[in-house]
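**Student:** Take a look at the letters that make up each chain.
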Amino acid sequence: MVRRTIELFLPALIPSWRFFKSVEASPRIEYRILQGSSHSEWTSSFERPVSLTPLQFAQRLLWNSDWNNHLFMVSCAERLTEHVTQHSIDELNTRISRRINDADLSGLLQFRLLFLSRHGHQLVKEIEYESQPVALADIVK
Amino acid sequence: MTLDIAIRWTEVLLAFAIFQQSVEHLPAIRSERNLVAMRIPIALVLLSGFASSYAVWILTGMSVLLLRRFDGPYNGGADKMSLLILTCLSLVHHAPSLFWAEMAMAYLAIQVVLSYFVSGWVKLQNPDWRNGTALRDVFGFSAYPVTENLRRLSDAPRLTFTASWAVIALEVAFPLALSSSVVLLAALATTALFHLANAIVFGLNRFFWIWLAAYPSLIWFQMRVVPPTL
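Line order of the protein sequences matches chains A and B. Numbering-wise, the first sequence is residues -16 to 124 according to this note's numbering. Numbering-wise, the second sequence is residues 250 to 479 according to this note's numbering.
One or more hints might be untrue.
Rough simulated footprint, nothing fancy, chain B against chain A, three-plus residues with beta-carbon under 8 Å [said to hold, decoys possible]: (1) -15 to -5; (2) 42 to 53; (3) 97 to 105; (4) 112 to 118.
Think of the hints as simulated: they come from the structure by calculation, not from any bench. For clarity, every value in this text was computed on a predicted model and none was experimentally measured. Every residue gets a Cβ at the ideal spot worked out from N, C-alpha and C, and that includes glycine.
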């Protein structure tokens, strides 16, 4: 525990500052609900708006809760492809389940990670990870 | 700017940044919300200037707990900078002598300079940044553009090429801003606008507020190490 704390703390004390040194493949998180032998379509866990008004842009300087939550989910997705941890899986399951408005908790939640990258002039999507289905009722919200 | 004034301004701006981050995080799940909410009254104590040395220590400890909770920073570079500023301020407040207090503040200032220079240098080494392709990809398929309409900027190669070189030049040249206080203030105004643009276009609002909190250390550092021209 102490070792892990030091591993997390040191990059803050001695940062690398290599922001955007290259544009890597970008994750998209999709989920579906399994009910018995049937399942819903894969659905994006986050939809960005088509546009924002100047006032909405200004408001987001002070209040950007949903977007920062989305960025953390992206971070968890990237961590999962580097090293699968239960922490990242649980975080994604929890945050996806909060976005599901369906009051029915009888199904199983499954998510997958698609990564977008450019190959020449084409955008390519690759599925990098699919989670084990988890009962919605078991996910802590 | 004296060290005491730099410390106070850093505390005020940092308190605001932490207050904003924490309030914004309140709609979270309970396990996060309680941990984050505890920072709010401590940030207000820091803002007041009363017992600020203790407030800084407590906030540093809370930030480490948040690192553990999220198994890393919740908001990437913004959280790292928050913890860096808190750690340096903690060391300043509890340094055994003025020399070590100045060393801690100088370390923060140098890290801010590096945050720009290293970021610009790695971009300069990358052909995709030099030809504008990287920025086109950021708008084209990265997770960052806050609206779908902003993705259309990936279809403007001249704009992304110009913007790429503007960012590279600003970041790589930043250390030269230490040459004079006037140049530094102009550079900080420019980088503040750069962070504001990132906050608007990529939703990186926390970066904007926390980087501002680091600027007093730079202003103090420049005056401390570079003699004024006659």
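**Student:** Hint by hint, say whether it matches the structure.
**Tutor:** Verification of the hints:
1. -15 to -5: holds (count 6)
2. 42 to 53: Coverage by chain B holds here, the residue count being 10 at a Cβ distance below 8 Å.
3. 97 to 105: This one holds; 3 residues, not fewer than the three required, reach chain B with a Cβ under 8 Å.
4. 112 to 118: Answer violated; 0 residues pass the 8 Å Cβ test.
When each numbered hint is compared with the structure, a violation occurs for hint 4 only.
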